[in-house]
Amino acid sequence: MIRLEKRPQPSRFYGVASPVFAVIATLIFGGALFAILGKDPIQAILTIFWEPLFGEFSFFYRPQLLIKGAPLVLIAIGLALGFKAGIWNIGAEGQYIMGALFGAGVGLAFYPMESWIIFPLMVLAGAFGGWVWAMIPGVLKVKFGTNEILVSLMLVYVAEQFLASMSLGLLKNPEGFGFPGSRNLQQYPSAHNADLVTGTGMHWGVVAALIAVIFAYVLLTRHRLGFAIRVTGEAPRAAKFGGVNPTRLVLFCLGLSGALAGLAGMFEVAGPAGQVTIDFNVGYGFTAIIVAFLGRLHPLGIVCAGGLMALTYIGGDIAQSQMGLPVAAIQVFQGMLLFFLLAFDLLTNYRVRIGQREAI
Amino acid sequence: MDLSAINPVILIAALISAATPILLAATGELVAERAGVLNLGVEGMMITGAICGFIIAVNTGSPALGFVMAAVGGAALSLLFAFLTQVALANQVASGLALTLFGLGLSALMGQSYVGIKPPRMEDVAFGPLGDIPVLGPILFSHDPIVYLGIIIVASVWAVLTFTRAGLVLRAVGENHDAAHALGYKVKRIRTMAIMFGGACAGMGGAYISLIRVPQWTEGMTAGVGWIALALVVFASWKPWRVLLGAYLFGGITQLQLNLQGAGVAIPVEYLAMSPYIVTIIVLVILSADKSRAPGSLGRIFHASQ
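The listed protein sequences correspond, in order, to chains A and B.
So for the first sequence, the numbering used here puts the first residue at 1; every next one is plus one.
So for the second sequence, the numbering used here puts the first residue at 1001; every next one is plus one.
Hints were generated in silico from the structure; no laboratory data involved.
No experiment lies behind these values; they were computed from the predicted model shown.
Note that CB positions come from ideal geometry on N, CA and C, so glycine has one too.
It is possible that part of the hints are untrue.
In silico BS3-like cross-links for lysine-lysine, where the CA-CA straight-line distance does not exceed 30 Å [stated by the list, open to error]:
#1 B:K1118 x B:K1188
#2 A:K6 x B:K1239
#3 B:K1188 x A:K6
#4 B:K1188 x A:K143
#5 A:K240 x A:K143
#6 B:K1186 x B:K1118
#7 A:K6 x A:K172
Listed below are several chain B residues computed to face chain A (Cβ distance under 7 Å; list not exhaustive) [what the hints assert, rightly or not]:
#8 A1094
#9 G1137
#10 A1273
Facing chain B, according to a computed beta carbon distance under 10 Å, are these residues of chain A, among others [what the hints assert, rightly or not]:
#11 W88
#12 L121
#13 V151
#14 Q161
#15 F227
#16 H298
#17 A343
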């Protein structure tokens, strides 16, 4: 008979090992999935994980790792702070869109003026856009006790409609021959979020992600606010007696995660994407949830997890063009990873005992 | 703009149909939540049901069989959630999100070769002369069987929860799982069954969208209906009849905005399309003042040795 026994303290070993187990299990089951789809599983997995890093064209794919990883890490860092405190912002996708719209909006308002001030203003506007969008569930939660999960998610759909409206209306390129979509910011030097070193994929979004990681690490380990976040998540009653102000904590966590998601959207629209289009958002806001959990809500873990998820995006693209592996298969693969991670987490918090229960 | 083009009788008849997917999904989720399980995977189970039902209906030519298999598909996916939360004792919020992300990917994968196909049509129930009654006929007696099935499910859920022993046990598990366990009830087994019922209902709700409402398959076609269903359970204070009322309210808004789009109102289409989501938020704000109705053990992990 198998019994579970709660550990007095979460296991440190399994805290690190369970994501590794989850990745291994996902590789096995993902390989089986690829085999069912009629693709050679070994080749598919090598194409996804080996090709972008060490393959023949890795010089092209390696910069992509930074481009795809930066928004994931930036968003996941903000989400993880909230998740730690039991504040569930799952509408990062909407905040990402609003950040992009605010950022691009400010940039396009200055067109065709050239000045060094435009890009910093766009950064501020992007962060502000995401912050505002996340403050809606935040304020509703503290004022009326509304569930932030549902409100933040509903706002994703609102933001998607707003994005469609903007790319067909206000932000539409007047010289675009009637096609939907804004002017291309890559052709507007003052607003372009270009590579800092050409060809490395190292744009300002990557810098922002690194700063966010360091900031979150210091906040969680060295600052009183980080302590408040951890206590609230682990023992809400203790936090109350310890003088943590829940209202401020909710607003801080939601606001920060919104601002970071907004920044990610702004860096994306001004750099790799270049323009506001109807299908601008590709689900980074949702994948970042997986990244946050896979990284165990720890800033350094999130960097590793963000890299791994970026790899599945890039490798998935390669596998799609070379082997005809459907994009959706990668989505399933990512979903599976989160499943296995949650399942293996059992080992972190519980001991598995095999055998008869001793008589008490 | 021509508002006279909107016929109130047809609008009400259409809103009953528009409400059915939300109604089915919300009723299933209500049962799971009354058993103390917060399953945020409704959207994932709906979309999986939508594609399972679609595939079966197209291949067999029978929409009825499609709905059955949609329920099976939704329930099968919900078993993953049941395993994570009841056996692996994982956080319910995270597990529900995982289920939604996984379901969206899985359905897109399964539905690849079904884009652009038209499913077989489900015939309306024949009520004979009843359908010819002015006003009441089109509103009450002109629908497909699933509309009536949805109402029957709400009524039975209400009756079972209120009048039967099984319903009492289910509510006991949801209100206080430790006490229910002490009384000898199998908390995990009861919760797993409630989760599967929720999955089956969500699956049928999804199939209603792909087989009857749209009827076609497109990726991510449930477009947040599952999340609206979750909000609806809160709106309904965990009471079945209020779910029915709320579903008709949301169905009405969805249908009205579609009709307004058709009538060419001066408001841009995108802003009309936002309205169901914004209304959901407003309703949540108005109703979340009263949290006392929530089941006591909602969202908490049950581990027997504690």
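Checklist entry - Checking against the hints above, which ones are violated? => result 1, 2, 4, 6, 7, 9, 12, 15 and 16
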